[in-house]
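Q: Chain by chain, the residues run as shown.
Number of protein chains: 2
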Amino acid sequence: MSTEDQSWLDEIHFGENGLVPAIAQDAGSGKILMLAWMNRESLVLTVKTGEAVYWSRSRDKLWHKGEESGHTQKLIELRFDCDEDVILLKVEQKEGISCHTGRQSCFYRRLQGSKWVEVEAVLKDPKLIYE
Amino acid sequence: MSTEDQSWLDEIHFGENGLVPAIAQDAGSGKILMLAWMNRESLVLTVKTGEAVYWSRSRDKLWHKGEESGHTQKLIELRFDCDEDVILLKVEQKEGISCHTGRQSCFYRRLQGSKWVEVEAVLKDPKLIYE
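From first to last, the protein sequence lines stand for chains A and B. Here the first sequence is numbered in the numbering used here, starting from 1 and rising by one per residue. Here the second sequence is numbered in the numbering used here, starting from 1 and rising by one per residue.
Since the hints were derived computationally from the structure, they do not count as laboratory data. Just so you know, not all the hints are guaranteed correct.
Stated by the list, open to error - List time: in silico BS3-like cross-link candidates among lysine-lysine, alpha-carbon distance up to 27 Å:
1) A/115 to B/124
2) B/48 to B/31
3) B/31 to A/31
4) B/61 to B/74
Sequences are here, hints too, so could you generate the full structure?
A: Structure representation (structure tokens):
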């Protein structure tokens with residue numbers, strides 16, 4: 001993907017904080033892996049490098065997903081929505097683990113009755129991910 | 001789903017504006033339909049009524065999805081993420097159209113080179129949806 005012509009970027013309406021939500025979806029299965037945030041720079045870097053780069057709100061800096069865990073996300077396809085303020089990334093998730101808890105997806109709890117129940121397996125012990 | 005015990009609701013970290021992002025995903029195909037926003041009340045109403053109710057930031061009021069278009073979303077499953085600040089709704093989309101443009105999904109534009117290209121068909125003329 002070319003990053004020289006950045007008119008595509010100007011079509012995106014970043015919020016007051018300069019961020020938009022970015023959904024990462026497994027390109028193969030369609031499973032939703034996580035939602036993070038992107039600013040203009042992280043989006044440019046994502047397209048340029050072909051790997052997901054987010055903006056970490058907690059650390060207030062660019063976050064190359066997988067920089068510590070090794071669980072990078074290879075960009076397969078990039079979409080945006082009708083209101084031009086949400087990004088969708090279809091990705092190949094390295095090792096099939098996107099969540100810092102060692103699960104495939106961050107959305108591992110389902111509401112059953114009035115309780116959140118864990119319904120996804122831990123694929124790798126987080127201690128081994130971040131050792 | 002019971003709404004009497006609301007401890008499940010207290011686990012969700014609504015943002016400073018009282019909102020969290022809510023992703024709607026087609027329960028059958030796994031297609032991502034849209035992203036909207038929810039406050040506490042809209043989430044309670046979603047669980048209570050079994051149909052997606054969002055908070056419209058542009059109109060600054062509760063938005064029962066489909067109230068004008070008829071394109072309601074039946075709640076099949078509710079999840080939240082590891083950071084407890086994003087909601088995922090698996091839904092059955094009435095008429096298979098979630099977008100106000102008459103398309104199945106709001107994410108109908110894909111980045112190709114440096115251009116956004118429409119890659120999803122209009123299933124119904126918006127003029128006929130909102131007449």
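Q: All the hints need checking, so say for each whether the structure fits it.
A: Going down the list of hints, with the structure as the test:
1. A/115 to B/124: Measuring from Cα to Cα gives roughly 39 Å; hence the hint is violated.
2. B/48 to B/31: holds (24 Å)
3. B/31 to A/31: OK: residue 31 of chain B and residue 31 of chain A at ~9 Å, within 27 Å.
4. B/61 to B/74: Distance of about 20 Å is within 27 Å: holds.
Violation of the numbered hints given earlier is confined to hint 1; every other hint is satisfied by the structure.
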